[in-house]
Structures are given as structure tokens and as C-alpha cells.
Amino acid sequence: MNGFVVLPLLIPLVSAASSILFWRRRMIQRWLGLSSSFLLLGSGLLLLYTIREHGIQAMQVGGWPAPFGITLVADLFTGIMVTLAGLIGSAVAVYSVANIDARRETFGFHPLLQVLLMGVSGAFLTGDIFNLYVWFEVMLIASFVLLGLGGERKQLEGGFKYVTLNLVSSALFLAGVGLLYGAAGTLNMADLAVKLRNANEPALVTALAMIFLTAFGIKAAVFPLFFWLPASYHTPPVAISAVFAGLLTKVGVYAIIRVFTLVFVQDVAYTHGLILGISALTMITGVLGAAAQNDFRRILSFHIVSQIGYMTMGLGLYTSIALAGSVFYIVHHIIVKTNLFLISGIVERRTGSFQLKQMGGLYHASPLLALLFLIPAFSLAGIPPLSGFFAKFILIRAGLENEEYAIVAVALMVGLLTLFSMTKIWAEAFWKPAPNEFGPRPVHRTMWAPAVALAVLTICIGFGAGPVYELSEQTARQLMDPTAYIQAVLGVSR
Amino acid sequence: MIYLLAVVIGGLYSAGFYMMARRSLLKLVIGLALLSHATNLLIFTVSGVSRGRPPLIPDGQALAGGVSDPLPQALILTALVISFGILAFALALVLRTNESVGTDDLDEMRTTEQ
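Protein chains in written order, with the numbering used here: chain A, 1 to 494; chain B, 1 to 114.
So here's chain A without its partners, still in its complex pose (with noise of 0.2 Å):
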């Protein structure tokens, strides 16, 4: 028994009800949400050593042996994903003291916040599929109250797309899960990947695996089922926007990994070509669409979009160093648009405003929020030695020797493109002198500290990108080799 994997989905819980007992206390739960915060990002981080030295933990809920039980399972990919859950959830944590303001606080920010980390951290941690749903349903209701919270008419406008898309996507993911049901008897992931691979209804396998693309896809925002995103994800304050930019779309990645790693592995060529055609295609409409913009916000919402398709290239090429590329991607992508949507939030405190023409002459007026910002849109545009660098290195390599020069040519391009949305915000945030005078508003310290961390972390990968790398590539070659995870779960090889 591996007690401790279930404590990512403790602390978050008992932070979240104890904050109910003091309802309208809003420093009581301020404080229970941020050392809450804390913790699991201690948490993970015990996780990710503990798997690293004595390989993938096991936990069988309630004592019922798998595959009849629900198995709480950690690998290294789960280590990483529960790490970074605490890392954001703390940056957002302490970000929130001076962003979120008084009322939304009092109406349940931080717990809600800690609902929704428990969510993610459930999604990653659990091998059962149907456990998988529910775990996305915490997620997803915590979201859409968190999204709503205030009830400003531009969030409602944006909420309403948020909550219908997500719900339509969870309708069929069950729909889904009934069916696999149906089809192999066994919702536990491992046991599904053992008689799914000596299944000999290949058909029927892939037709599934496309039901759980759809509704995985619709969550990860891919291409052409990203709409929700750029309608949502800049309406809400900028603290809430920046936890659901860096964490959930990640947690479809996630699944859409998990599932296309472990299950559903039958027809590589079809369903993994189709992945990567849709890689190609979500990186072009969302860089193109972020073009269009002139909001700050929408264009970093946009360019998540784009984001993604990197992250599922990975999955598409389906190579340990090409899943590599992708878990680095992850890492970077992660860090790197949180801190964006965080300075977005700074820059918006400034200057009053998220419109791009409204703003101007920050790099006179604050030469330190200029710096900040290039840290991170240069490491989203790929220029080195920042992290982004790395993970579309690793990615391009991986497609060079798969042969897949198109993807190739589109990461490349892509990147370029980035790089000129991101000039876009310097000339028109920075550059060009102020178009209306803004007094000398103080930004309060909570406000700058986490994206200073963010920032600097981006350094450090940067750098550091060895021992990251390393990290990435033994967490590939554990996802592209199940043989570990499966008898991790169900105790006897197979």
C-alpha cells in the first residue's frame, strides 16, 4: 500500500470542505487555499521522487484487487502532470490575493480554485476510465462555477459556449466508456490495454478510439473542436484564466495521451497518422487565428489552441524521443502561458485595459514588466536558450527522423508566426508611446512575485534542459512500454 499517491487528492479536499465550515471568512480560506496550494505542489514533487527511485506506485481504493476496484497509479508522466498542477495552482494561489477581488472572494474562490485541483489531479492519478470521467466532472463543474463567478455578462456569454461544448464532450466520452464496456469487459486502463491487444475486432477498437478522440479532443481544444476556448477563456479575471490556460486543456492532453498510449495502440498507422494530420492542422488555425486579434488575452487564448497541436505531434509521430518531445512540451507550455496570462493581468493593472490599442509605453514606464514579458514570449515563440526552445528542438528532431517533413515545415512555420504575434503585443504594449496618459498605478507584490518565479523557472529549463530532458525521455519510454504500468496495476505480468 502506497498511501501518500492518494494525498494529492486529500489536501485539496480537506482545504476545500474545511474552507466550507468557514464560510464568508474569506482569510481564513485565503490561507487554506494557499498552504493547500503549497502542499501539493509538495506533494507531487514526494510523488515524482518516489517514482523515480523505486519506479510506478499502485494504490487499489478501498481494498478491492484490480481490475474490480478503482487503482489510484502514478508513473512519471502522472509524477510531472500532479507537479506542475501544484506548481500553477500555488503561482494562482498567491496571485489571486491582490487580483481576485473582495466579493468573488467571499463567494468561494479559494475553495472552488482547490476543487478544481483536485479534479486535475484525480484525472491524472486514477487508471480506471470511468473513474477518468469523474474525476472530469469535478473538474468541470469547479470550472464552469469558477468561470461564471461574479456574473459579469461577458463571462455568462462565454461561460454558456464553455459549459454546453464541455458537456457534449463528456456525453460522449461516457457514451464511450459504455461502449468499451460493452466491447472488452473491463474499465480498469490496465487490464483494458491487456485484452484490447489481443482483441481481434480491430474495427470496432478504432471506431471507439475515435469516439474518445471526439471528446477528448473537444476538452484538449484540437482543431477543428477548439471554438469554447477563445470564447471563454479571457472573460473571467486573470487568475482564473491563467489556472484554466495552463492546466485544462493540458488534462485532454493528457488523456488523449494516456488513452493513445496504453488502449488504444491497435491501429497505430490510422490513429496516430490522423492525430498528427490534426496536430498540423490545430497549430496553423490557432497561430493564424491569434494573428487576427487585438486583445491581449485573446491572442494568448488563441495561441493555446496553437500550443496544443505541438503537444499532440508527439503523440502523432508516436516515438519514444517524439513523446519525449511532447512531455517536455508540456512542461514548457505549462509554465510558460500561465506567466503570460499573469503578466497580461499586471500589464492590464497598468494600463487599465486588455485592448492592445488602448496601451502603450510600458517599456518607459516600467522597464522590469518589459523584461518579464520577453522571458516568456520568446520561450513560447522557441528562441533559445529558453525553454521552448528545447521542446520544439526535441519535437523537430523526432520529425526529421520519422520523415514527416510536413509537420516539420508547419512547427517551423508555426513558430515564426508566434513570434510575430508576440512582436505584435511588444509593439503595440511596449513600443508605441502611450495613447492616453495612465497615472502611476502600484501593482500590488503578490502580483509580480509569481510571475517573476514563472519566469524564472523558464530560465531554468532553459539551462537546465539536460536533466529535464532525461526526465521526458524516461517517462516516454515508460508510456511507449506499458509492460511496467501494467503489472504496477495488476500485480502478476501478463
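No lab work stands behind these hints: they were computed from the structure. Computed from a prediction, not measured in an experiment: that's the story for all the values here. All C-beta atoms, glycine included, are put in the ideal place defined by N, C-alpha and C. Misleading hints may appear alongside valid ones.
BS3-like, lysine-lysine: derived pairs with alpha carbons at most 27 Å apart [claimed, not checked]:
| # | chain 1 | residue 1 | chain 2 | residue 2 |
| --- | --- | --- | --- | --- |
| 1 | A | 432 | A | 357 |
| 2 | A | 195 | B | 27 |
| 3 | B | 27 | A | 154 |
| 4 | A | 154 | A | 357 |
Here are the computed distance ranges between Cβ atoms for each label pair [to be verified]:
| # | chain 1 | residue 1 | chain 2 | residue 2 | range |
| --- | --- | --- | --- | --- | --- |
| 5 | B | 60 | A | 24 | 55 to 63 Å |
| 6 | B | 49 | A | 28 | 46 to 54 Å |
| 7 | A | 49 | B | 49 | 31 to 39 Å |
| 8 | B | 84 | A | 42 | 33 to 41 Å |
| 9 | B | 55 | A | 267 | 33 to 41 Å |
| 10 | A | 405 | B | 55 | 18 to 26 Å |
| 11 | A | 227 | B | 91 | 21 to 29 Å |
| 12 | B | 18 | A | 227 | 16 to 24 Å |
| 13 | B | 69 | A | 384 | 55 to 63 Å |
Following the hints, complete the assembly by docking chain B onto the known chain A.
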């Protein structure tokens, strides 16, 4: 029986998607509810429909073949609770959106996409 259920499920799915394609907020929510009903019935049907064979084993006897599978019913129960909660939330959201935007026409809710 299974063919009848298949037709009903197909009908529910098409009715659900049809309602979602309308412009009214409330019809959208009704469409979502129909989708979740269709999905629950699908899970029920996929596992095989049998009549009068409850999965109860008398003490000391082994499991006989052909009993109905209790697991899909447990899944449906879980899914029902979740979809009930989400439906309640969606209805509250319809109410608030209608108050705030002043219309229930989805085509007029485009301010966030410009």
C-alpha cells in the same frame, strides 16, 4: 428488446442534437439533458439486456451464467447523479444569463467573440 432500445437511443440522440441546434438557451439545456439520457440508456443496452435474472447468488452456490451485469447499473447511477447536478447548474446559468443579457437568443450572444 435490444433493437427497440437501439431505436430509442438513436431517437434521443437526434432529438438532443436537434434541440441543441436551436437558438434558444432553454432548448439548448433540454438538448443536453436528452443527450445524457441517451448515453445512460446506451450504457444499459450495451452490457446486454436480460429479463428476470438478478445477479444474486444463493449462499454456498457458484455464479451461474447469463445473469445481468450489475456494474453498468452502478455506472448509470453515478452518471445520473452527476448529470442531475450539472443540469441544475445549467438551468441556474440560463436564468442568470437571461437576466444579464436580456435575451435567450444565442445568436445575440457574440460580444465575447469580436
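Going through the hints against the structure:
1. A:432 <-> A:357: 10 Å, holds
2. A:195 <-> B:27: 41 Å, violated
3. B:27 <-> A:154: Holds, at about 21 Å.
4. A:154 <-> A:357: This hinted pair holds, its Cα atoms lying about 20 Å apart.
5. B:60 <-> A:24: 55 to 63 Å: Taking Cβ atoms as reference, residue 60 (chain B) and residue 24 (chain A) lie about 57 Å apart, which means the hint holds.
6. B:49 <-> A:28: 46 to 54 Å: 52 Å, holds
7. A:49 <-> B:49: 31 to 39 Å: 50 Å, violated
8. B:84 <-> A:42: 33 to 41 Å: Given range 33 to 41 Å: holds, Cβ gap about 36 Å.
9. B:55 <-> A:267: 33 to 41 Å: 35 Å, holds
10. A:405 <-> B:55: 18 to 26 Å: 56 Å, violated
11. A:227 <-> B:91: 21 to 29 Å: At 23 Å between Cβs, range holds.
12. B:18 <-> A:227: 16 to 24 Å: 20 Å, holds
13. B:69 <-> A:384: 55 to 63 Å: 56 Å, holds
Against the hints set out earlier in the document, violations occur for numbers 2, 7 and 10.
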